[in-house]
Amino acid sequence: MCTVCGCGEGESRIEGENHHSHDHEYNHQHSPTSDDNTHHYGHGPAHAHAPGMNQSRMVQIEQDILGKNNEYANTNRSLFASKGILALNLVSSPGSGKTSLLTRTLQDMKDNIPMTVIEGDQETSQDANRIRATGVAAIQINTGKGCHLDAHQVGHAVKHLSPQDASVIMIENVGNLVCPAAFDLGEAYKVAILSITEGEDKPIKYPDMFHAADLLLLNKIDLLPHLDFDVLKCIEYAQRVKPGIQILKVSAKTGEGMSDWYQWIRLAHQTRLIGHYPQKQSTKIVKEAV
Amino acid sequence: MHEMSLCEGVLQVLETEAKKQSFSKVKTVWLEIGNLSSVEPEAMLFSFDVVSRNTLADGAKLNIINIPGNAWCMQCARKVLVKQRYDECPECGSYQLQVTGGDEMRIKELEVE
Chain A
7 MCTVCGCGEG
17 ESRIEGENHH
27 SHDHEYNHQH
37 SPTSDDNTHH
47 YGHGPAHAHA
57 PGMNQSRMVQ
67 IEQDILGKNN
77 EYANTNRSLF
87 ASKGILALNL
97 VSSPGSGKTS
107 LLTRTLQDMK
117 DNIPMTVIEG
127 DQETSQDANR
137 IRATGVAAIQ
147 INTGKGCHLD
157 AHQVGHAVKH
167 LSPQDASVIM
177 IENVGNLVCP
187 AAFDLGEAYK
197 VAILSITEGE
207 DKPIKYPDMF
217 HAADLLLLNK
227 IDLLPHLDFD
237 VLKCIEYAQR
247 VKPGIQILKV
257 SAKTGEGMSD
267 WYQWIRLAHQ
277 TRLIGHYPQK
287 QSTKIVKEAV
Chain B
188 MHEMSLCEGV
198 LQVLETEAKK
208 QSFSKVKTVW
218 LEIGNLSSVE
228 PEAMLFSFDV
238 VSRNTLADGA
248 KLNIINIPGN
258 AWCMQCARKV
268 LVKQRYDECP
278 ECGSYQLQVT
288 GGDEMRIKEL
298 EVE
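Quick mapping for you: the protein sequence lines, in order, are chains A and B. Sequential numbering of the first sequence, starting at 7, is according to the numbering used here. Sequential numbering of the second sequence, starting at 188, is according to the numbering used here.
Rather than coming from a laboratory, the hints here were simulated on the basis of the structure. Fair warning: there could be bad hints in the mix.
What the hints assert, rightly or not - Derived pair list, reagent style DSS-like, types lysine-lysine, alpha-carbon separation capped at 27 Å:
| no. | chain 1 | residue 1 | chain 2 | residue 2 |
| --- | --- | --- | --- | --- |
| 1 | A | 151 | A | 165 |
| 2 | B | 248 | A | 74 |
| 3 | A | 74 | A | 89 |
| 4 | A | 211 | B | 266 |
| 5 | B | 270 | A | 211 |
| 6 | A | 116 | A | 255 |
| 7 | A | 74 | B | 214 |
| 8 | B | 295 | A | 74 |
| 9 | A | 151 | B | 248 |
| 10 | B | 206 | B | 248 |
| 11 | A | 116 | A | 89 |
| 12 | A | 259 | A | 239 |
| 13 | B | 248 | B | 214 |
| 14 | A | 165 | A | 116 |
| 15 | A | 89 | A | 165 |
| 16 | A | 211 | A | 151 |
| 17 | A | 74 | A | 151 |
| 18 | A | 239 | B | 270 |
| 19 | B | 295 | B | 270 |
| 20 | B | 206 | B | 295 |
| 21 | A | 165 | A | 74 |
| 22 | A | 255 | A | 211 |
| 23 | A | 259 | A | 116 |
| 24 | A | 74 | B | 206 |
| 25 | A | 74 | B | 207 |
| 26 | A | 239 | A | 255 |
| 27 | B | 207 | B | 248 |
So here's chain A without its partners, still in its complex pose (with noise of 0.2 Å):
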């Protein structure tokens, strides 16, 4: 990873984007300094002068590992929070439906709410084409080798899309259930999708993310009748490894359930502009009052 910026070095794109200029040099010294072919131990990074004396010391940092991403993670939030942005990361296995689910709100919902989209994706830009095709605009990030989108990627393409105030910023992110729970992108809210086609079973089997999530999903309810997915068992699971989580049963093929994510996101959506002044409003009003 870079230690510049904190990119990781040629793995990770963000499209339209040539990113990475600066140098990745180690330069790094040993101790002892031996310039001038003299090895002058009182030189040494601990400045240790006792003859014999060991430089090795220990230093207490206490620090998170995920503390740099974390920092970004911040600096996002803050972002959305002085525009009035919503910010959703969506989150699932692959092939839970998460491209469709997410078209079809688009479609719906895009005439009402302005929206953006960041596509997480180990390869290939197919779901931000499948987005573009909606009219809304989007921007692919591919991942490379990694399994997550991080905040520092996500702050890249913001700026990249450049969103209008009191919109709404949809983060598709990478499809893998363990990863992504650990990475903060500076979102409001985590929304997992489960399909019933993957079992009832899954918020117990990968619970950190059904944990870390903070709306579930419940997609393809129109194949109930097929499957023998027990919904209520499935409920179950879920509050198991979060008490709080809100379940709503949807199907992005029929249309069923949809409408009370839209009013889920509406309502995510009017809590995010509490506070919020637009800019354009306040200086329409000065100009009134003038």
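We have chain A already, so just place chain B on it with the hints.
Below, chain B without anything else, positioned relative to chain A:
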């Protein structure tokens, strides 16, 4: 395999600290990893070996301190030990548990020179 990214995160912290606290080589790293943190210690050891090559932590030893999972049982109104997030309360069998510890991933201390 997010242990690889985590190890890159560790290395970043080491490199920042090396400048701040002026050291040039890291010999040992102590990490505190909680039981509920979704980190596989074995994978962490393996990844650290790979990630630290040709850096200031080349050949450094990684020690992982395991932190047990703690939760607050809302029924018993006290702290209990849990192995997984979906565990029931070992005392009363309730699932109304709030995890209070054991999900940390921290770099505790370093031996440097």
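Status of the hints after comparison with the structure:
1. A:151 <-> A:165: The hint holds at about 23 Å.
2. B:248 <-> A:74: Judged against 27 Å, a Cα distance of about 22 Å means the pair holds.
3. A:74 <-> A:89: holds, 23 Å
4. A:211 <-> B:266: holds, 24 Å
5. B:270 <-> A:211: It holds: about 14 Å lies between the C-alpha atoms, which stays within 27 Å.
6. A:116 <-> A:255: Roughly 22 Å separates the two Cα atoms, so the pair holds.
7. A:74 <-> B:214: holds, 22 Å
8. B:295 <-> A:74: holds, 16 Å
9. A:151 <-> B:248: Holds: residue 151 of chain A and residue 248 of chain B sit about 25 Å apart, inside 27 Å.
10. B:206 <-> B:248: Distance of about 20 Å is within 27 Å: holds.
11. A:116 <-> A:89: holds, 18 Å
12. A:259 <-> A:239: Distance of about 24 Å is within 27 Å: holds.
13. B:248 <-> B:214: holds, 6 Å
14. A:165 <-> A:116: holds, 21 Å
15. A:89 <-> A:165: Roughly 13 Å between the alpha carbons, so the hint for residue 89 of chain A and residue 165 of chain A holds.
16. A:211 <-> A:151: Given that 27 Å is the threshold and the Cα spacing comes to 24 Å, the pair holds.
17. A:74 <-> A:151: holds, 20 Å
18. A:239 <-> B:270: Holds, at about 22 Å.
19. B:295 <-> B:270: holds, 22 Å
20. B:206 <-> B:295: Roughly 18 Å separates the two Cα atoms, so the pair holds.
21. A:165 <-> A:74: Judged against 27 Å, a Cα distance of about 19 Å means the pair holds.
22. A:255 <-> A:211: OK: residue 255 of chain A and residue 211 of chain A at ~20 Å, within 27 Å.
23. A:259 <-> A:116: holds, 18 Å
24. A:74 <-> B:206: With a Cα-Cα distance of about 16 Å, the restraint between residue 74 of chain A and residue 206 of chain B holds, given a limit of 27 Å.
25. A:74 <-> B:207: holds, 16 Å
26. A:239 <-> A:255: holds, 14 Å
27. B:207 <-> B:248: holds, 22 Å
In this structure, none of the earlier numbered hints is contradicted; all agree with it.
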